[in-house]
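Undergrad: Protein chains in written order, with my numbering: chain A, 1 to 450; chain B, 451 to 900; chain C, 901 to 1413; chain D, 1414 to 1926.
It should be emphasised that the hints constitute simulated quantities derived from the structure, not laboratory data.
All residues carry an ideal CB built from backbone N, CA and C; glycine is no exception.
Don't take every hint at face value.
As the list claims (entries may be wrong) - Not close to chain D: a few residues of chain B, all C-beta gaps over 12 Å, as computed:
1) 493
2) 496
3) 504
4) 534
5) 538
6) 683
7) 799
8) 900
Claimed, not checked - Label pairs and their computed distance ranges (CB to CB):
9) D:1884 to C:968: 53 to 63 Å
10) D:1449 to B:854: 56 to 66 Å
11) C:1077 to B:830: 36 to 46 Å
12) D:1925 to B:511: 24 to 34 Å
13) D:1634 to A:54: 52 to 62 Å
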Amino acid sequence: MGTYIPHTDDEVESMLAFLGLSSLEELFAVVPEALKLQRGLELADGVGEPDVMARMEAFADQNRARSDRLICFAGGGAYDHEIPPVTRSLAGRSEFVTSYTPYQPEVAQGVLQAVFEYQTMVARLAGLPVANASLYDGGSAAVEAVNLGVAASGRATVWLSAGIHPHWRQMLATCAAGTGHRLATIPLVDGVTAWPDEGVHLDDPPGVLVVGYPNYLGCIEDLAEARAICDRTGALLVVGADPVAAGLLRSAGSWGADVVVGEGQVFGTGLGFGGPYLGLFACASAHVRRLPGRLVGETLDVEGRRAYVTTLRAREQDIRREKATSNVCTNQTLMAVTAAIQLGWLGTSGLVELARRCAQATRYTRDAVLSLDGVEAFAGAPVLREFAIRLPIPAAVAVERMADAGFLAGIPLTGDFDDGEHALLVSVTERRTRDEIDSYVTALAKAVAS
Amino acid sequence: MGTYIPHTDDEVESMLAFLGLSSLEELFAVVPEALKLQRGLELADGVGEPDVMARMEAFADQNRARSDRLICFAGGGAYDHEIPPVTRSLAGRSEFVTSYTPYQPEVAQGVLQAVFEYQTMVARLAGLPVANASLYDGGSAAVEAVNLGVAASGRATVWLSAGIHPHWRQMLATCAAGTGHRLATIPLVDGVTAWPDEGVHLDDPPGVLVVGYPNYLGCIEDLAEARAICDRTGALLVVGADPVAAGLLRSAGSWGADVVVGEGQVFGTGLGFGGPYLGLFACASAHVRRLPGRLVGETLDVEGRRAYVTTLRAREQDIRREKATSNVCTNQTLMAVTAAIQLGWLGTSGLVELARRCAQATRYTRDAVLSLDGVEAFAGAPVLREFAIRLPIPAAVAVERMADAGFLAGIPLTGDFDDGEHALLVSVTERRTRDEIDSYVTALAKAVAS
Amino acid sequence: MSGAPVTPVGAPGGKAASAPLLGREAEPTIFELSHPGRRAWSFRTSGIPELPVEELVPDAHRRRQPLPLPEVSERDLVAHFTRLSHRQFSVDLGAYPLGSCTMKYNPKVCDAVAGLPGLAGVHPAAPASLTQGWLALLVELEETLCEITGMAAATLQPAAGAAGELTGLLLMRAWHEARGSKRTKVIIPDSAHGTNPASVTLGGYEVVTVPSDDRGCVDMAALATVLDEDVAGIMLTNPNTLGLFEEEIAAIAAAVHQVGGLLYYDGANLNAILGVVRPGDMGFDIVHMNLHKTFATPHGGGGPGAGPVAVSERLVPFLPGPRAMRVDSDDQSPVYEWTVPPRSIGRMHTWHGNALVLARALAYILANGGDGLRKIAETAVLNANWIRRRLAGTYDVPFDRPCMHEVVLSVRTIKQAHGVRALDVAKRLLEEGFHAPTVYFPLIVEEALMIEPTETESPQTLEALAESLERIASEANDRPDGWMAEFPHGTPVRRVDEARAARTLVPTFDARD
Amino acid sequence: MSGAPVTPVGAPGGKAASAPLLGREAEPTIFELSHPGRRAWSFRTSGIPELPVEELVPDAHRRRQPLPLPEVSERDLVAHFTRLSHRQFSVDLGAYPLGSCTMKYNPKVCDAVAGLPGLAGVHPAAPASLTQGWLALLVELEETLCEITGMAAATLQPAAGAAGELTGLLLMRAWHEARGSKRTKVIIPDSAHGTNPASVTLGGYEVVTVPSDDRGCVDMAALATVLDEDVAGIMLTNPNTLGLFEEEIAAIAAAVHQVGGLLYYDGANLNAILGVVRPGDMGFDIVHMNLHKTFATPHGGGGPGAGPVAVSERLVPFLPGPRAMRVDSDDQSPVYEWTVPPRSIGRMHTWHGNALVLARALAYILANGGDGLRKIAETAVLNANWIRRRLAGTYDVPFDRPCMHEVVLSVRTIKQAHGVRALDVAKRLLEEGFHAPTVYFPLIVEEALMIEPTETESPQTLEALAESLERIASEANDRPDGWMAEFPHGTPVRRVDEARAARTLVPTFDARD
Ligand SMILES: Cc1ncc(COP(=O)(O)O)c(C=O)c1O
Ligand SMILES: Cc1ncc(COP(=O)(O)O)c(C=O)c1O
């Protein structure tokens, strides 16, 4: 029914007349008849907005795992953090939502300055001097980081910690088919990466090391060791860092990371079934000309007023074309602006408090869960905001049973780790109360017993 | 915990120092010790926003009659109409929400112009040349209309149709205690006002007649007759008109109303348990200097640009004080802006369509309901968007039973009309589907049978 | 200033040149953007058999011509009102030190509360059995407001302060009449807000004005002369509209009670004394509150508000009804019902008051808590006094002693020296990035600038505000005569011709020629 | 222009002087508004026993200094970002005729859809059994997009168009490799968007550029010379970036297929042909769509988008996984599962793609319906041709024949005569109340102005836009040299020094000196 098209029939008439045409069909005279669709699209006719809402609500209703129905204990790179009304209302301002990439800085200072502030906050989180204006998600940021690393080191061999998010590793492998990078996955022992000892592989030295901090199992990796290998081999160190944990942990940059990537969903973006999320990307100054995606810089206008503009554009696809550092064009600006707002809401004390509360709730839950019969730790190393446990029953079965008890119990490690079938990854955010955790533990006891 | 106060302790310190004070307590030195509260307020300490939301959600959860749980067939001046996302998002713009009365027109053109547009639409709905910037609700608009009418006619006797909303009549009676107006309630016969025949009461002729169009029972009153009485007696005709019905009905102004009032909730404002709503007020030019509340007028700025400003301020309390036409200051501007947006969304064809759909659904429901055993019409006259029925069981009981079946069945007329105990006022808006209505009828059959 | 184009003739279509971001053209009215046949509306598919209008509406009553409304696409509707929003100042954009208006920050969490389907989606005529949550909320708010004001019970019906005043005066009248006493007068100070005398008239009383003394408080001697058996009561706001605390309030209360009158408290300035001193403890019998001031519910460009009225024990039986009440004390599962007080004056709102505004206020109070409310008063008073002290040398301070939540300055001296008026200062301040203070109120202060910073403005903001006001004062001195009268320059429109608006009244688009 | 004050030094506190409504000061960064000890955050009361950080974090890893972030009150947070929003143009404010970007109106109903708790509150790792609604939604969208493009199946993972391109190229590679054929080159026209060649490189192919002929279409002769067994495929957008339909598309398809290559369709311009002609029917094997263009999902100032890729039957086994699929046909209660195609290239998104963007797109498609989609294409093309015809006399039209959804004009003649460039026209247009068209793209047109009105702009708006562009052209003629280069004047900032930005790179607040 197209109620979004303003034109009345009379107007269409007179516009056609102005063009010397007698029908809308004639507008497509240039399209060869043989190619044209000889029928209407086999889609239902348009309906009014209330009917559309009803349809979409019906879909929504079929999702049992919605956080207002199942209390969320799942993490694995997507977390159920507090999103205050103030962040929602500011990030929902239509000037931010309905604008395009800031091609005309004179009328885009709002987005440009917000992104400049975002870049500053991300750089501080990473402990590095430069951050870009966002990438699609954590995984795509990792892919771009490896591309940058290979280009910078000149070596296409990539050592990939098995502690990196399994989906990130799949994306890296998928894209390697095009770039020809050689990926070697380095296994975990006791939850942390067991890097090959000195000497090994030096026939084919790595150009890039990729490691998590903390890693997918929540374990805190020893970045000093990874850095040492890089120093030995001339490889770049890429760290996939959890930006919430950064509230309590030393920055990856302080450990000598060359590139830090991460998933920014934690800062004001909801679970949203996995997207749109926010790819965080920061790097050392040395690599700024290889930076993927957009970068906002500060400058002045002709009256000497402070102004912001996208800069170092020569790296980008629209100018450098096949020689561009990346093909990214549209990114996740709205999520970047949202993160700037949320980080402004958190502030210095709030980020620490957020990280502390997550760690505390995680510790409390882990202690209680590990006291249950048949439940044991899946990985030994110290964890921060997430932990993996081994269950006496298949993790997938546990998740189903826990759903009936009102919980999204966690993420089965099935397929992602050897003997992951019985392993469950559990995450506890600041939104979980003691009561919720206690009843989760009780329910889990039942679930694994029966 | 007062997280909305920015000041840090250090800042408070130095501000106190600047004032030569050593404690916040000293700020209140002027307050006699004997009067001061010697304890803290006996209220819980402040809590974080998530806890506040949890508390408020708990209240919300205890309301069974929420429209997402009980399908709404209740009206009586508060209707479950469509509110499109576009109206919500525009009316929610913080510039409209968080601004004060437009005392500085140079920076308040947004609200002023929106209200000017609102006044124009309300005047057209009423069929009169002037409308004000809003009053509290339909009932307060009726009170102001009677005050205007008495002042204009110079006679304090008011003939009040029993078809006026019972709550409006209560408000009129309450306020009459202060103004000394004499209210005479004119009964309904067959659902419409049975005005005293010529001659009667001419010892104490009315200064004002107040009648509904349609009235509380949904019946369409004969305004010509009311106008004739006014012409005979020199009284002013005040019509309480349903603005949605105005989509199909002749305007009250075209029948000769001097003042038209109404409840504007129907244009974009939700049920909200009765408020904030919107008092519509329009009158003939002759009475503009007696107009209660604010009025926005168009003018020019010093550069000759079109501009808007509140005008004829000399009527208002802040200038005229005890001689003001009304005491109203804060009104319902945000709801007026919302109505302007919603009426813009409806447009000429949409208002007609809205009214037609309501009338059609009402007719469909009424026919079905009246075919049930023991259910009969409560009033004879033709109705438009609402109707009253007499049930074999007390209406209040029917409402309880229907709630268990998933419906808010309507409004019992208990107390408001003689033998109203068994009478139920039912309203059917454009949001009701045939399926909903059919199951309503089935449920009602059960409810009245058992 | 830039040769900004003048009003375009007719509809310029969807240009954003009216958005200050781009230019300063006039925004066309939605009627000019309208084009026959456009539409934005859509409704649910109902499946109900269609009937021709002729069958639905009796012929004599059927509208023959459809009612003309704007016809625009959803896209143009959005563009128009979004552009209008860019032509509007708001608390969310910057400081709004309007005296007597308490324009504090409105927490967004309250928007979320007002949007809860379980509160926003409830029909007001649904029986108590189906709306227990709402009744519980109202009871908790009533109890909370009573604790804050030191009163016995309250009605939540009044939709704003003025409605609260009228409610209070009707309570006063009912109470006197119940005691068989006919009284005719209500006393108000000359500094009172305009709604006070206007409400007195509607309450059927005659206004007797008492002057303020040289300290800005009620002149006790003058009060004594007007106090007699005809006095139904007195209306005061304390702190008063000069931002000063009426120190003699106890004596005033005694004197008024002495002659059998009642004390009415105009709560517009309650923000100053939260948790510090309570109207009830000062001897007031009737108190209205402006939730849209003290309790941060947004003003919406002029409304909605909420003006609950709390009363002392002896007035409780007269309160409007219905009132939500907890009927059984068993705390496990309390039950709530509507009750009408035995000698109720009647009803002051079509339904239960501005319910969603009431819910916002309760949420705000819960967030701040008893401890936070006192902190609000302390900080509001601290901010006001800082401004007073800081600007004392720059502007006249007619009553230069510690103030409460607001301070009234005067441009009198500057005007005498340079012809610059309070209005000019206000307009000049706009372009400094601040909303203007309240001007020319209270009426007893010449060229008044009434500044109420509120507690949510930070010291940095106060500093910036003070610097701007200092800059303006020195401009008054340094710049040629009339320079200030040219301001503002950069706003969407410049000074508007108010006389013309009243002279050639154009109250609607249709009144244009 | 008004002597607007220059950048204030340090934090001016909460002034709104940066809001265009009031002035044109620079808005301080949030870091300058920050003050130690301020806070806005609050969390839920958890009741969990507190542990000192030392016990939670191993010593070697524990951060010693808290991470510095802005410290502001909620009030200042709101003011800052609200003021920033007033410094930003958007579709909601006015027409945005950016060529190649399809800046149509974004219906608000889609915001409501994206906000549904049952969609927005779902964890992406929850098993299919608990997320049937989401899987059903994704399947319905996939089927819908396949019907619109005439393809067999689609992946919804790519987060934007460029990601879709890379996905398509990896599919191309996988398909060739599966058939044991090593190919090295991918052909793209010289008018192609920059992401095309960039993606080709990431796909491990070498770019071969074919020129456009004098009609603005692929030069068939040139194409023939580069077509050989090394060609993996060709990337085209049709209509192309000149807004012209590649009439020889059938011949191109035949020729490319002839040498065993595949055809990739860059769907950025799909808006022009909805319901009229389908890429699949033109012979394309791989199609990406930009839901944030054709299907109205908002651009968010630069993202997020969604770039699903649809393929023909033979490529289905190679699609990324997991893919949502209906596993039993019983329509009463269909069941959905995640499946990985047998020869899947792998994964292109951390989860399932930009899910909420996908939901918005489906809602938009349902609202418009099959009938509405064709109307969109017709109206978009009508608007573009009206602009072309209207401005033909005023600006150069390098390829003056019927266009599709957009038209590329050139300022070449005007530049030669008066030195006014496309950039100047763009900047001047801003102050007329319109966003500028895309300039200097496609690269093969000198001084290009690429105008895409989209179907949601009304004839009145087109008229106003045309008048503005005509006014500008005559100004170029009438006004002194350099006059136009001064624009814009009234915007929050005027022309910015891009060279300086690159020279003295300041990518963060901390990089300032
Ligand atoms: C001192 C005083 N009293 C009464 C009022 C009236 O309150 P309202 O505007 O809510 O009717 C106001 C509001 O401006 C006020 O400042
Ligand atoms: C023709 C064309 N192709 C590809 C793209 C890339 O799409 P995206 O920005 O979503 O990556 C664009 C977007 O600007 C485009 O216009």
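Undergrad: Which of the listed hints are not met by the structure?
TA: 2, 3, 4, 5, 9, 12
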